[in-house]
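Undergrad: From first to last, the protein sequence lines are chains A and B. The first sequence begins at 5 in the working numbering and counts up one residue at a time. The second sequence begins at 670 in the working numbering and counts up one residue at a time.
It is worth saying that the hints were derived from the structure and are not from the lab. Treat the hints loosely; a few may be bogus.
Unchecked claim - 20 Å max Cα-Cα, derived SDA-like pairs, lysine to any residue:
| # | chain 1 | residue 1 | chain 2 | residue 2 |
| --- | --- | --- | --- | --- |
| 1 | A | Lys38 | B | Met1293 |
| 2 | A | Lys39 | B | Met1293 |
| 3 | A | Lys38 | B | Ala1297 |
| 4 | B | Lys691 | B | Leu1261 |
To be verified - Some but not every residue of chain B turned toward chain A, in silico, with C-beta under 8 Å:
| # | residue |
| --- | --- |
| 5 | Phe785 |
| 6 | Asn867 |
| 7 | Leu893 |
| 8 | Pro897 |
| 9 | Thr900 |
| 10 | Phe908 |
| 11 | Tyr912 |
| 12 | Phe916 |
| 13 | Ala921 |
| 14 | Gly922 |
| 15 | Leu927 |
Glycine included, every Cβ here is placed at the ideal spot set by N, Cα and C.
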Amino acid sequence: MATIEQTTEIGAPANRGGSAGHDAHATATGVTNKKLGMWLFLASDCLFFGAFIATYLLYRGRDTVGPGPRLLFDIPFTSATSFILLMSSLTMVLALAAIQRGDERRLRIWLLATALLGATFIAGQVFEFTEFNREGLALDTNLFGSTFFILTGFHGAHVTAGIIWLMSLWGMASQGRLKQPDSEKIEIAGLYWHFVDVVWIVIFTVIYLVPQPGNPGG
Amino acid sequence: MTTVSGAVTAPRRALLLRRPTKTTGAFSWLTTIDHKRIGIMYCSLSLLSFLVGGLEALLIRLQLAGPNGTVVSAAQYNELFTMHGTTMVFLMGMPMAVGIANYFVPIMIGARDVAFPRLNAFGFYVVAVGAIFLYSSWIPGINGVPNGGWFGYTPLTDTPISAGFLPGRGPDFWSIGLIMLGIGSTTSAINFIVTILNLRAPGMTLMRMPVFVWMMLVVAFLTLFAMPIITVALIMVFFDRNYGTLFFQPAAGGDPLLYQHLFWLFGHPEVYILILPGMGIVSEILPVFSRKPLFGYAVVVFSGIAIGFLGWGVWAHHMFATGLSPVAISAFAVSTMLIAVPTGVKIFNWLSTVWRGAVRLTTAMLFALGFIAMFTIGGLSGVLHSVVPSDTQQTDTYFVVAHFHYVLFGGLMLAVFGGFYYWLPKVFGRMLDERLGKWNFWTMLIGFNLTFFPMHFVGLYGMPRRTYRYDEGLGWDVWNQIETVGAFIIGVSTLIFLANVIVSIKFKRGAVAGNDPWDGRTLEWTTASPPPAYNFADVPEVEARDEFWHHKYTEDDEGRLMPLPSGGADAAPAEEKHGHGIHMPSPSIYPLVMALGLLPLGYAAVYHSFAWLGLGVLVLLFGMYAWAIEPATEPEPETVTGRTPEPVH
Ligand code: HEM
Ligand SMILES: [Cu+2]
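The shape of chain B in the complex, shown without the other chains (with noise of 0.2 Å):
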């Protein structure tokens, strides 16, 4: 900072915070605009956020045990059940996918970093604030826990404050901590597309992407879309309860259907957004360990864009049991039947990859095929609700929490741990633990299995979801009991993965992964592990997809692999190089401002309360301005000085 001259620079610094200019300790993780370090922010809060909802659900299985549970009482219940969803979908699987691709996109597209580094930050920072603004709900005296369940369907959630159906503030906090979390999940849209579009290495054209970036392209493009929609929903909401306007009130002509619409329009592309990355996950992992590249390439990247397409069109699905007219749920269930089609397609796609493949069973390995099985089942329960009639005796039983488990737990989550087992030793430098490993997969798998089979069963036995509590004798209570221990052999086996981690990783127990532990097949592989601060000392020329298995492998004559002599890892000259010259974007600690902004303002909102929206409003500007007059980059000199990369190990 103080090797930076200039008489023209100097008055106007003077206004603002110092440059930060660490590359270690807690200040510099607050500063930082390393899209690799922004990824792990993004991915210890979600699985933060993993074990908070996870708690959240064994609670509410100590409740269902047994007929007639007393462990909590029925508004509690109402809270669990919504902060579980919520926090599952909001503060877990989006940030999670989010955290995933801040680290690999950049590198996988041969990219320094990306678009919009402090853009990054600042929508990481929103999610962070927007997770403590819903959990500050808690807080004795707040008496506003969101209760009026993930979706928060009107009239329940709007009616006014006064005459509310659902006393205290909780669907207040709920709206408007989903609009922040909204705001945060656009920048980040954002950002995505533009980096994967703009920023793509020479030669690495669109459909020499591996499949994992092109599933975050097509996540972003229904993120961007699908956000504004639930915010207009939401104000809806917030305003009807708070200012008296009448958009779901049906005594003045409003009409509560509205909301469903509009949430729904929302909702179906999200759970493509919550699955699209676990499917792009599988897709790397899967090749590398059948050492044959994936079968149908450009089918598999279509049929994610047609999902992506055909994701708005079958949003009704959710609300067959609503009345609407004969032809439009003909519409629906037809064009939901037809979304199962690339859907399939892609099993296909995965088991022909596998098929005759030289299979390594590692543990990523394992939840990865776990992925696939476990995905169609959920994709199966999932076509039964597409046949109306059928859905019409299923809606709002524990058969529909069973589907969208086995979608969202068995294919986000398996994918997810399977990406750790994966990625983690290119984050950290160390192999996690594969008899740990393997632990945790068969204790996840069975576990998972218990809790949610049997709610297939006692779904279709007529058990509704959302019930706090039930009568004994009504052929529920052993299905019931067997649910609540596999939730308990889930926590185990969560417990067994961060056991994984801290002895591997913090203990350093883990052996050393070098560059390539996996014979991988995609740029990151070719960096060090961990990647320095610049990614790539040259950025790659990118000739071939799987461009890094082709340094590697060649085939003869009979399409058997042949090494190349001067392929590896080692061949790769990331390391000689210190990256002296490369200039990156340099740390700040404005985003973090602005973001911190948001929360005066929620409590504004929620509270009518100028105080807080003057706070607000003040840090809010502050971060902007200060933000804009920023120069992105310090000027050459500090390159030296401060911000020399870190060495590699």
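So that you can see chain A by itself, here it is in the shape it has in the complex (with noise of 0.2 Å):
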């Protein structure tokens, strides 16, 4: 009883190389600290989202000068790097099932694959910015302006920075040091990723697909 390690990390080196696997830290509710953690985490975050949306749908048609959304959306285009986002999630479920299986080859494609997926997203992101801009919508443009560019903007930073996890976690497999026993960071990574993806539909659908009422120049 007196030696049960009660509290370090899950998943930490120390305890990886005995029989100390993951049974040695059975949790009350049966979730291991980290993913309760990012779930909690990710809750958290959806308020986050969820104020910016519901700024977003407050101000939407209000505005009477500068470009709006109808003149300036091209739906194609962002279906398609929204697909694009999409299938970033079907490519880091594989990466989890391949690392559950150990086959760290393909964990190191998929993650790359994931990655340059949603790098492609951001891509499209970017080019979309440029494009708005050029056409006359900054952030002091008009209520449509601040608010499509914070929200998304914040959506953008938050892909960015899983980019920056999935491609640190493929430098790590890269360097072998991402084995089956750990396949629960590739887990939360998921998770933190699919949040994000989920995120992303509400915004589009919000934001490019319900029809704007009103400001008839946009």
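Could you use the hints to bring the two separately framed chains together as a complex?
TA: Quick look at the structure:
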């Protein structure tokens, strides 16, 4: 009893060697600490995006000046980049499956694929932003400019952080430091990545697909 | 460190700073990930903030001591009340609860540490860095002391710097500083929830947890969901000021009221974040000094949870004067009256706990009783605010200032002082002096009431809050004089407390506490005072609520208490073993490094400086990667060389 390790972080190399696998860390809920922690962070992040989305909805159609969504949006283009982001969730699942099987080569491939798909999405966003900017929309043009750029910008920042995380995992995998018992590291990154994708589906629906009232000029 | 061998690990270690191994000295505090030490650091920071915020309050009171005060200018006055409010809420109140909980929640649930020890240290350093950042705005030449009030209403705070109603960079420092503090409190909230849900000792079911743990669980959820909302509001303010966005610019269709909604959607849960820990503390103190279990444990717990839910549905009672629709106003008035019910229920539970108990009037108990009385007064004036016609008269007058000081000072602060007298013997192994303690309590109670009770009157006589000066002959003069005298009595009382701590603990004049000085009921009293690094040599098996009590006492047929022969603190095995073989996570410097990275990032935001940005990103990334690579726990040999737990006493 006395020597049960109760608190160290899961998957720490120190307890990888011997028999001390994950079962040494039975928790009261049955969910490991790190996974529960990630779920809680994501719950908190829901409110973060929720507040921005609510602001967007509140201000929708209030503008009387500057270009608006109807003028600017290129739905087919954004649909394509959205599809790419969604596909990255699939590759993420494949990466997790690979490490759970102990297939390190496929793990590396799918991690890289996920990061690249994410980067393609970000590239699309950068292109979109510059394009809108060229057509006269900036942060200070109108409420649409403010709410659109800040909401999608913070989402883009989340994706970028995810890409850095994935690339770091890929780097570790390339050095052979991600093995089957570390699969939870991939799982947690996956939780984050899927969350960011789901948030994008909401944002895409709210901003691009729901018809805009008002502002005939836009 | 050097005893660790292994060809695999050697090359990458070279990348990192040396793993800290010392367990004493200043550096060991900077690298500690022991939840108890982090708790002490949180409480120290918080106490320091209380002194600083208190000094600001004394300056405010000096200025208002008589009509036409000349102690500070109007601009300085704005800075003083803004920094006072911001300090007391974010740098004193929240860190104090987090600190006490950091120390005691793991011990109370029978755990050896928190779920994420390094994240715990990170959270603390982020709060410390946020405090430094906020207060650095007072450096001459920076011209950026926050001055838009603790809730920073737009459009006052968010007009672009060029056209600002508020000259200087005050709201920039304020918004960025608060975002930092939000990061710190979110990480600690996640840590608490996971710790409480996952690391309870065998048998410690949810309904056996001490009420303080329950309240901190609710607080952690409130923090988790409230912080992102204010973060969004602050981001919008910051972008409005710095990058020309139009979120709260009425001329472009933006709506300043949206800011108020967002702020109070955070702000009302925030007041429960501040008061629930206080309720938890008195729920621990009262049963011990009444020698009775808490009356209606389940009711207290559920009303705490109810407050946690209802707290999200009352925010607009802060906005009754803004012209919301009658329907909205009525709904929020009703929900506000409703939330008084679970609060009132708790007051009756506490009173019933004390009723017919074998009451010992120790200082801790006095503070807890003081809490009940003062908090009730604050609660009553709170209910008055829910009556809309009445509130529209009171809004922005000193009546409101009186109300929230009765709940925050009379509530939170009195509970915290009670908690100090109750728990510091456990933390430092020495009792605080009871005679000084009683002086501390009575001067505090008298000073507090002298300061804040007259504010009800001047408020009803129409004295607006946040006024730096008033004419004579308005009927406010005498009351204000009394308030200032009262404030200085509070100051004296605080000095008595500090003297008590220094004499009893620093100079070791206090009696040795022993494991269980109060005949306590909960698990923290089964360990040594101070507890060893690993808390428990044997992880306890819990069989009852008030576990420790049931090891000491049973009841005879008539319900009288009977001591159990084998019970008592001395039977606890904690001291006999020395914790060999208990493997605790190793210290780490990277939480500090990573948190320090936020400081340059803050200045980068305020000054739009790429140099600061680069520096911040560099430090942050270095800290982050080094942290990720570093194992949470160094391999076994080190327990022998570097981290043998400190001997008890
Ligand atoms: C040391 C004793 C204290 C004194 C003498 C004091 C005095 C005051 C006074 C006179 C004001 C009103 C300033 C004005 O409206 O012009 C004020 C505001 C405030 N105080 Fe205190 N206070 C004390 C302790 C506390 C504590 C312990 C808390 C919270 C835990 C607190 C939180 C606040 C807040 C949030 C405000 C509102 C600031 C604003 O209007 O933006 N105070 N205080
Ligand atoms: Cu409220």
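Undergrad: Please go over all the hints and tell whether each is borne out by the structure.
TA: Quick rundown of the hints versus the structure:
1. A C-alpha spacing of about 16 Å is found between lysine 38(A) and methionine 1293(B), which places the hinted pair at or below 20 Å, so the restraint holds.
2. A threshold of 20 Å between alpha carbons decides the hint, and for lysine 39(A) with methionine 1293(B) the separation of about 19 Å falls inside it, so the pair holds.
3. Distance hint between lysine 38(A) and alanine 1297(B) is fulfilled; the C-alpha atoms sit about 13 Å from each other, no more than 20 Å.
4. A hinted pair counts as satisfied when its Cα atoms are at most 20 Å apart, and lysine 691(B) with leucine 1261(B) qualifies at roughly 16 Å.
5. About 6 Å separates the beta-carbon of phenylalanine 785(B) from the nearest beta-carbon of chain A, less than 8 Å, and the hint is met.
6. Hint status for asparagine 867(B) relative to chain A: holds, with the closest Cβ pair at about 4 Å, below 8 Å.
7. With 8 Å as the threshold, the beta carbon of leucine 893(B) comes within range of chain A, its nearest partner Cβ sitting at about 5 Å, so the hint holds.
8. The beta carbon of proline 897(B) comes within 4 Å of a beta carbon in chain A, closer than 8 Å, and the hint placing it at the interface holds.
9. The restraint placing threonine 900(B) at the interface with chain A holds, with a minimum CB-CB distance near 6 Å, inside the 8 Å limit.
10. A hinted interface residue such as phenylalanine 908(B) counts as satisfied when its beta carbon comes closer than 8 Å to some beta carbon of chain A; here the least separation is about 6 Å, so the hint holds.
11. Checking tyrosine 912(B) against chain A: minimum C-beta separation of about 5 Å stays under 8 Å; hint holds.
12. With its C-beta approaching chain A no nearer than about 6 Å, phenylalanine 916(B) sits inside the 8 Å limit, and its interface hint holds.
13. Taking 8 Å as the C-beta contact cut-off toward chain A, the hint placing alanine 921(B) at the interface holds, the least distance being around 6 Å.
14. Checking glycine 922(B) against chain A by beta carbon gives a least distance of about 4 Å; that is within 8 Å, so the hint holds.
15. Satisfaction of the interface hint for leucine 927(B) is found here, the shortest Cβ-Cβ separation to chain A being roughly 6 Å, below the 8 Å cut-off.
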